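For reference, the chains in residue letters:
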Amino acid sequence: MLVSKTSYMYEMIRTELTDILGAEFVRTGEADKFGHSVDYYWVPEMWHDRGMETPKPDFIVHPGSTEEVAKVVKLANHYKIPVVPWGGGSGSQGGALPIYGGIIVDMKRMNHFIKLDKESLTVTCQTGIIARHLEWQCNKEGYSTMHLPASIACATIGGFLAHRGTGVLSTKYGKIEDMVMSLEVVTGTGEIIRTLPVPRHASGPDLTMLFLGSEGTFGIITEVTLKLQPQPESRQFRAYIFKDFHTAMSAGAELMRSRLQPCAVRLYDEEETIHHVRKVFGMELDQGAYLVFGFDGRTEIVDLQMKYAREIMEKKYKGKDLGSKGGELWWENKYKFFYPPFMFHIPQAFGTLDTVATFSNIENVYWAMKKVVNENFPAARFIGHFSHWYEWGCMLYARFIFEEKDVPKDPREAVALYNRVWDMAIRAAIANGGVINEHHGVGLKLGHFMKELYGPAMPVLEGIKQQLDPNNIMNPGKLGFKGL
Amino acid sequence: MHIENYTDATQNCRFCFMCRHLSGIGNVTFTEADTPRVRASMIYGITLHPEKLSEPDFIDTIYRSDLSAACRFHCVSHFDENGLNLAARADIVEAGLAPEYVKVIAEELKQSAKWSSSGQGNVLYFEDRYTSEAKTVSAAFRKIMKKAQIPYMTIQGGCIGKALAVLGFGKDAKEVTQAFAAAVNATGAKTLVVSNPAAYDALTSDFPTFGAKLNAKVQHTSEYLASLKLKVTQKAPAVYYLESDFLKNYDGNLPGPRALLKAMGAKVLPFGTNNEESYTCAEGAVVLPKIDATLVEKLAHYVAARADHPDEDVIAVASPYTKIQLEKYTKLQVKTLEELFAAAL
Ligand SMILES: Cc1cc2nc3c(=O)[nH]c(=O)nc-3n(C[C@H](O)[C@H](O)[C@H](O)COP(=O)(O)OP(=O)(O)OC[C@H]3O[C@@H](n4cnc5c(N)ncnc54)[C@H](O)[C@@H]3O)c2cc1C
Ligand code: SF4
Numbered sequence: 000m001l002v003s004k005t006s007y008m009y010e011m012i013r014t015e016l017t018d019i020l021g022a023e024f025v026r027t028g029e030a031d032k033f034g035h036s037v038d039y040y041w042v043p044e045m046w047h048d049r050g051m052e053t054p055k056p057d058f059i060v061h062p063g064s065t066e067e068v069a070k071v072v073k074l075a076n077h078y079k080i081p082v083v084p085w086g087g088g089s090g091s092q093g094g095a096l097p098i099y100g101g102i103i104v105d106m107k108r109m110n111h112f113i114k115l116d117k118e119s120l121t122v123t124c125q126t127g128i129i130a131r132h133l134e135w136q137c138n139k140e141g142y143s144t145m146h147l148p149a150s151i152a153c154a155t156i157g158g159f160l161a162h163r164g165t166g167v168l169s170t171k172y173g174k175i176e177d178m179v180m181s182l183e184v185v186t187g188t189g190e191i192i193r194t195l196p197v198p199r200h201a202s203g204p205d206l207t208m209l210f211l212g213s214e215g216t217f218g219i220i221t222e223v224t225l226k227l228q229p230q231p232e233s234r235q236f237r238a239y240i241f242k243d244f245h246t247a248m249s250a251g252a253e254l255m256r257s258r259l260q261p262c263a264v265r266l267y268d269e270e271e272t273i274h275h276v277r278k279v280f281g282m283e284l285d286q287g288a289y290l291v292f293g294f295d296g297r298t299e300i301v302d303l304q305m306k307y308a309r310e311i312m313e314k315k316y317k318g319k320d321l322g323s324k325g326g327e328l329w330w331e332n333k334y335k336f337f338y339p340p341f342m343f344h345i346p347q348a349f350g351t352l353d354t355v356a357t358f359s360n361i362e363n364v365y366w367a368m369k370k371v372v373n374e375n376f377p378a379a380r381f382i383g384h385f386s387h388w389y390e391w392g393c394m395l396y397a398r399f400i401f402e403e404k405d406v407p408k409d410p411r412e413a414v415a416l417y418n419r420v421w422d423m424a425i426r427a428a429i430a431n432g433g434v435i436n437e438h439h440g441v442g443l444k445l446g447h448f449m450k451e452l453y454g455p456a457m458p459v460l461e462g463i464k465q466q467l468d469p470n471n472i473m474n475p476g477k478l479g480f481k482g483l
Numbered sequence: 000m001h002i003e004n005y006t007d008a009t010q011n012c013r014f015c016f017m018c019r020h021l022s023g024i025g026n027v028t029f030t031e032a033d034t035p036r037v038r039a040s041m042i043y044g045i046t047l048h049p050e051k052l053s054e055p056d057f058i059d060t061i062y063r064s065d066l067s068a069a070c071r072f073h074c075v076s077h078f079d080e081n082g083l084n085l086a087a088r089a090d091i092v093e094a095g096l097a098p099e100y101v102k103v104i105a106e107e108l109k110q111s112a113k114w115s116s117s118g119q120g121n122v123l124y125f126e127d128r129y130t131s132e133a134k135t136v137s138a139a140f141r142k143i144m145k146k147a148q149i150p151y152m153t154i155q156g157g158c159i160g161k162a163l164a165v166l167g168f169g170k171d172a173k174e175v176t177q178a179f180a181a182a183v184n185a186t187g188a189k190t191l192v193v194s195n196p197a198a199y200d201a202l203t204s205d206f207p208t209f210g211a212k213l214n215a216k217v218q219h220t221s222e223y224l225a226s227l228k229l230k231v232t233q234k235a236p237a238v239y240y241l242e243s244d245f246l247k248n249y250d251g252n253l254p255g256p257r258a259l260l261k262a263m264g265a266k267v268l269p270f271g272t273n274n275e276e277s278y279t280c281a282e283g284a285v286v287l288p289k290i291d292a293t294l295v296e297k298l299a300h301y302v303a304a305r306a307d308h309p310d311e312d313v314i315a316v317a318s319p320y321t322k323i324q325l326e327k328y329t330k331l332q333v334k335t336l337e338e339l340f341a342a343a344l
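If you're matching them up, the sequences are chains A and B in order. Just so you know, we're using numbering that gives the first Met the number 0 here: the first sequence kicks off at 0 and counts up by one. Just so you know, we're using numbering that gives the first Met the number 0 here: the second sequence kicks off at 0 and counts up by one.
For reference, chain A alone in the conformation it holds in the complex:
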C-alpha cells in the first residue's frame, strides 16, 4: 500500500511511528522531505536543477536503537509500506531515493562508537556513524580503520557496507568487505540477527557477505565490528609520468604482480593527467600518464619496498620520476579532487563508469568504453583513472562529461541521453570482461543490468530477497529487484 497524505491512514501510521520513536524523530516537514529526495545521483540533482519536483518520502524516521529499527520494519510490513534506509545520501546510484514514497529510515542517529578492542584490534559501532567521525575516534586511540574514501566526511559506515565501498588505501587494506568481522542486521521481516563473530570459518556459507552490497534491499545493517590497524610508522609515496597510459598500466600491473604490497596505486590517463591532476596540484606536469603509489608500515620495510618498486618503474618502464614530492602531493590532495570547483557538477552532465576487471582485460575495457563514448557521443569527453588495484586487476574510474551546451534543456531528454551513454558504455565493459561495478553499487541507476550481469544466477539472488523480505518493502525497485 502506498499511503496518501490525505488519507487518515497516514495519520494513523504517523501515530504508530511516533509511539515507537517519539515525535521528535518522526519528521514530515517539507525541508526534511526535500533533503531526502536528492542524493548524489546525477538524475535527481538535474531534476531539481530544472525546477522539477523530486519524489519525496512520506515519513522520515531517526531510530535510536536496533529495537526501534525492528519495530519500524515490522510496522511497515503490517501496512506494506516501502522502507528505504538512508545513511548520508552520498550514494551516486540513487540507491537511497524514496522512489515510491514510504518511510525513510535515516540511520544517522545510530552513531555510537561501542567498543574498541585493543587485544583483537577491532572496533564496534552503530552503522549510522559518519565515517570521518569513526576514523577520528580510532585515530585518537592510535589506530585507523584504513577505510579512507573520498566521501569519508559525508557517508555513513552503513552506506559503505550497503554499497561495498572502498577507500584510497584499498590496495593494501582492502575494501570495506575485507574489513568486516561481523554484522547485526534487521531483516526485511523485522527480525534482529547477528552474523558469526569472525570472518574466517567453515560453518557454512558466509552470511556477513550476503548483506554486504545488499543496498538496503535485504534489511538494515545496524551494527558492525570492523578490523583495526595500528597507525603505520611511515607512509611514503612516489609518482612517475609515463609516456602513455599503456606503459603506465604495464608498470602498475607489474608492481602488483611483484607482490610488494603497496597501500595505494593510482594511474590517470593522459587526458585526466592534463586536465585534472595538473589543476588540482597547481603544477606543471609533462604530457603523459601520471602514476602514483605508496607503501606504509615499518620504515625499514617501506624503504625496501620503495627501492624495489622504483626499479620496476625506472629500469623497466622508463618512467620519469617526480620524486616523493610528486607522490606526496597526491596524498595531500587526494580529497581535493572532490571539492568544487575541481569536481564536475550540473549544468554539466557526467557519470562515473565504475568498472573492475583483471589485468588481462582492463585495457580492453578502457578502450572499448572510450570508443563507444567517443563514437556515439562526440560531444562527450571521456577520461579515466585506475583507482583500486588488486593482485589480479584493477578498477577503472572512467567518466564521461558533457558541457552545458550539449545537454538537452528538457529534463526528460537529458535523462534519456544520460541513460544511453551508461547503457552503451556498460555493455561495452561487460562484453570485454568488465564487472559493474567495483564500489559505487547498483541502486536505481544500474538495476536493469543485473539480469545481464548475473544471468541464470539472478533468480538465486531473487530467492534470497523473497526469503528475507517477503512483502518486498525493503528499498523496492533497487538492485535490479522488482518494484511496486
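I should point out that these hints are in silico values taken from the structure, not numbers from a laboratory. These figures come from a predicted structure and were not determined experimentally. Where is the CB? At the ideal position from N, CA and C, for every residue including glycine. There is no bait here: all hints are sound.
Over the 12 angstroms line for every Cβ pair with chain B, so calculated as not near, a few chain A residues:
id	residue
1	Glu10
2	Lys79
3	Lys114
4	Lys117
5	Thr188
6	Ser249
7	Glu253
8	Glu283
9	Lys324
10	Arg380
11	Arg398
12	Ala415
13	Arg419
14	Gly446
15	Phe448
If you only want the chain B side, here are some residues facing chain A, beta carbon under 8 angstroms, derived:
id	residue
16	Phe14
17	Cys18
18	Arg19
19	His20
20	Leu47
21	His48
22	Glu54
23	Phe57
24	Thr60
25	Cys74
26	Phe78
Fit chain B with the ligands to the known structure of chain A by using the hints.
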C-alpha cells in the same frame, strides 16, 4: 534578493557533501536538511520558485542553523554557505516572512540597544549582555586591570547590532551599530576591548560594512591582555581550549587566544578528536538559545560527550556565550581566558 550575492555558494554547495561532518546542528538533529548541501539546494529552489521562501519548514531550517562557519573554514575554496544562510534570513525578514518567534527576539534586541559608560582612561571595556551574564568574566578583567594598574572605562548594555544582523534585520542592525559607535566615540577611548567574540566580529567586520566609524582600535581581550606582557606568578593549569567560531572561522584564526594561553604557561591539550568541529554551542548563531534552547542543550551535550574526563578537565574558552551554555547544560569546568589569566597573575 540578498541570496543572489552568494551565487557561488548556492551553485557549489548544493552539490557538495564535503563538509557535512562539520555541520554542528546536523550532528545533533541528524536531519539532511541541516547540512550545507541541502540548505544551499533549497535556496537554489527559491531562485526558481520564489514562493518557496514562505515555506515555514524552510524558514525554520534556516533559523536553526548554528552558523559556525566551520564549513567555510574547511572548504578548499572557502565557499560561503554561512553567508548564504545569513542572506536567506535577510530575505525572509525583508519579505515580511519572519516568524513570530524571530520578531519577538528582534524587538527585544532593539529595545536593549542602550549603553552607559563609566570610569576613566584610554581603554574602554565593553561588557555586552553575555559578558555581564557570565559575571566572573568581567570580574576577572577588572582584577587584571587593577593588578596592571591601568585606568579604564567600561561601557555596558545590550545589542550592538550583531544579533539583529544575524537574525536578518540588517537595517535595524545598521542603526544600532551607528548609535553604538557614537557612544564609544563620545568616551574618547583609544582602545575598545571586548570579551565576547561576537561583539569583536561585529566591531571589526560589521561596523565597517555598515559605515559605523569607530575612533578606537578594537581588540579582543586575549589580544589586549597578551599585549600587556604581564608576568604570571603561577602557571595556568593544562587546559582543553575550545576555539571560538568568530575568532577562528570568521576572523582569520585570531592568534590572541593562543598567545594569551602561552603567556600564562598553560599546556593546551587537544579536545575531542579533531580541531575542525565547532564546540561553541552555536556561538555563531548568537541568539540560538532564544530560538530553540533544546538545540543548544543538545550541542552542549555533544561537547561534553567528547571530553576526556568530563568531571576533571579544565575547558578554556574565549567566549562568555560558550561558557554560559556549557555550564548551564553540562558539568564541565569552563573558564574563560580572562579567568585563567587572572588566576595566574
Ligand atoms: C564526493 C563523493 C566522493 C565519493 N567517494 C567514494 C569513495 O571514495 N569510495 C566509495 O566507496 N564511495 C564513494 N562515494 C559514494 C558514496 O559515498 C558511497 O556509495 C557510500 O557508500 C554511500 O554511503 P551513504 O551513507 O551516503 O549511503 P546512502 O547514499 O544514504 O545510501 C546508499 C545505499 O545504502 C543503503 N543503506 C544506507 N545505510 C544502510 C544501512 N545501515 N543498512 C542497509 N542499507 C543501507 C541505502 O538504502 C542505499 O541503497 C563518493 C560520494 C561522494 C559524494
Ligand atoms: S562550503 Fe565548501 S565544502 Fe562545504 S558544502 Fe560548500 S563547497 Fe562543499
